[in-house]
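Chain residues, written in single-letter form:
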Amino acid sequence: MIELVSQDRCIGCRLCVKVCPTNVFAMEGKLAVIARQEDCQTCFMCEAYCPVDALYVAPQADKSANPDEQELIESGRLGSWRKEIGWNPGAEDTMAERDTTPFFEVFTEAYRGKQQEIGK
Amino acid sequence: MSQPALKEALKLTADVLVIGGGPAGTWAALTAAAKGVKVILADKGYCGSSGATAPSGTGVWYVKPEEELREAAKASRYAMGGKLAEHRWMDRVLDRTYENMNRLGVSGYPFPVDEEGNPYRRGLQGPEYMRLMRKLVKKAGVKILDHSPVLELLADEHGVAGAAGVQTQNGEAWSVHAGAVVIATGGCAFLSKALGCNVLTGDGYLFAAEAGASLSGMEFSNAYAICPTFSSVTKTAYYSYASFYYEDGSVVEGAGSKKGRSVIARNLLAGRQVFAKLDGADEALQPLLRVAQTNFFLPFDRRGINPFKDLFPVTLRLEGTVRGTGGIRITDEQCGTGVPGLYAAGDAATRELICGGFTGGGSHNAAWAMSSGSFAGEGAAAYAAGLGRHSQHRAPVGLSSSPLVHQEVKAGEAARTAEYVEAVQAEVKPYDINLFRTEQGLASSLERLDGLWKEQRSREIQRTPEGVKAREAEAMTATARWMYSSALARTETRGMHKREDFKGSDDSQHHRLISGGLDQVWVKTEEVAKESVLL
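Residue numbers (our numbering), protein chains in the order written: chain X, 1 to 120; chain G, 121 to 655.
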């Protein structure tokens, strides 16, 4: 679930308040805060939209994980999902363009066929 | 009947109101707007990020219009679905999906291209897809109300005429008077935290039933996804490459992602943790898997787990009717519900028409959402346009089965709502009630659910964000009752519906189960359209 709004990074653009489907965030003064953590559904959408990589959603869906901001920055996890989708500035392509699902379907068919032959 | 609205901050009128801004809702809004009528779309969260599709990636049932390919596509899951799908509906959905996907390409969706530069249109990445849909809907002149859940439908003696709700971010009430309403609120996953599913609480089923519509196939509602115990990422497809183990490293015999899901469930029920490892994917395949469904790896990466090499604990998370096929009964080709002015699309509508009693996986679901959304949008637009001047002089009232009030309700209501939610979850989550169904298990659960409904039915619900949660609890309770009443009536095993006490399928039950009712739940049978047997 959502664990962090980096107060150093947040620019108060309200985008997380706007896009969170379960209305987890609120504004406190000029910055966004986690107002209803228990409503978080761990869908990672807020991270995808945050323009300054200020948010971190821990993969644990049911209990709080209390990660350390400095560690998240050092391990490259802060902002990693936006980068994965290709919505970060300077991204060469988006996840949609890179999508290998169709190729992978064909590959998998061939691959599974091969495995079956080996099985014989 | 609820009180008339007193201090609504936002009162709007439209020809078509679409409830829900996922794939089905946005396609409905787009196609309705293309008919030249005024459209408003209200989303419980944010149109563009709400629902099961946005955070995910999905295949799409995109099949070229060549007879051989189409016939193979239709036949592929027909038997698995218990032969309840319909030939004609599959044709319509395949046609419309093909058309819509090509349209998405023209509208700017960045489909991947092969070496010859041909686009591959068999998949969609959720974040990109839904961001584009929001953009297209706005461009078409549709007014979007974000964070605006519906509390009830409005209707008069001629039919459904709008909806009323509350804006969760400022607490103010809203209402839209409309000539026609499309329900595209998704299925019901009972707040299980399956990926993106916590906004999907069966609200639309309740609204439709309160307006007099019925449901179909609610026995096909026990979808569970394999997922890491700690995680919300419910993507089961890749587990076809997994082997399953006990903690000591010995293999769980018979466990698998398809038929072996029951084996996993039985172990979990017996208190034995099951672990998985995707050791069936070799090194050549691993990078391809990684790019095709990137979000599958997100929770592993963040916990430093290599799912191809490391064992990780798994569970089965309830996806209810989001992946199950039950939903609002469709009575005509425009996705009408039999109630004048009321249409349903996507997971909110029954998907039996193309899948029968077994989920078609993401690709059928995505195809159904964009096709049924388009049918419903066109149907609603035509209906609203046909009302003419008559639509200007309506004074519809709210249909909520519980009284909705403006004044403060008693203290402690929020805590009670949480208790109701937990109580319903305790009936629908357990594998030994919902997955392995028996007459005794279903009947005793139904008794408790009926009691829960009775308690909630008469309590006053405030038109506030807290009140929205109370209505969700009611919707989940009602949904569970239609599910288990239908499951009791189907004394056989068909599609995903598994009866422990009736393990085989019974030819004399090759029919649909229609259900409905609020205080008194009813179930009756309906014949499957004849042409389906031609397959």
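Since the hints were derived computationally from the structure, they do not count as laboratory data. A couple of the hints might just be wrong.
As the list claims (entries may be wrong) - Cβ pair distances, simulated, as ranges:
hint: 1; chain 1: X; residue 1: Glu97; chain 2: G; residue 2: Val525; range: 28 to 34 Å
hint: 2; chain 1: G; residue 1: Arg536; chain 2: X; residue 2: Leu31; range: 29 to 35 Å
hint: 3; chain 1: G; residue 1: Asp399; chain 2: X; residue 2: Lys83; range: 40 to 46 Å
hint: 4; chain 1: G; residue 1: Glu235; chain 2: X; residue 2: Pro89; range: 37 to 43 Å
hint: 5; chain 1: G; residue 1: Arg577; chain 2: X; residue 2: Ala35; range: 28 to 34 Å
hint: 6; chain 1: X; residue 1: Pro89; chain 2: G; residue 2: Ala192; range: 50 to 56 Å
hint: 7; chain 1: G; residue 1: Val525; chain 2: X; residue 2: Asp93; range: 23 to 29 Å
Note that this is a predicted model, so its numbers are computed, not measured. No residue lacks a Cβ here, since even glycine has one placed at the ideal position from N, Cα and C.
*Is it true that the C-beta distance of Asp399(G) to Lys83(X) lies inside 40 to 46 Å, as the hint says?*
violated (28 Å)
*May I ask you to test the hint 29 to 35 Å on the CB atoms belonging to Arg536(G) and Leu31(X)?*
With Cβ atoms ~34 Å apart, the hint holds.
_Looking only at beta-carbon atoms, does the pair Arg577(G), Ala35(X) fall within the given range of 28 to 34 Å?_
holds (31 Å)
*asked:* Against the range 28 to 34 Å, how does the distance between the Cβ atoms of Glu97(X) and Val525(G) compare: consistent or not?
replied: violated (51 Å)
_Taking 23 to 29 Å as the stated bounds, is the beta-carbon spacing between Val525(G) and Asp93(X) within them?_
Violated, at about 53 Å.
*Is it true that Pro89(X) and Ala192(G) lie within 50 to 56 Å of each other by Cβ?*
Roughly 44 Å apart at Cβ, these two residues miss the hinted range, so it is violated.
*Should the hint that Glu235(G) and Pro89(X) are 37 to 43 Å apart at their CB atoms be regarded as holding?*
violated (29 Å)
In terms of the numbered hints stated before, the structure departs from hints 1, 3, 4, 6 and 7, listed from lowest to highest.
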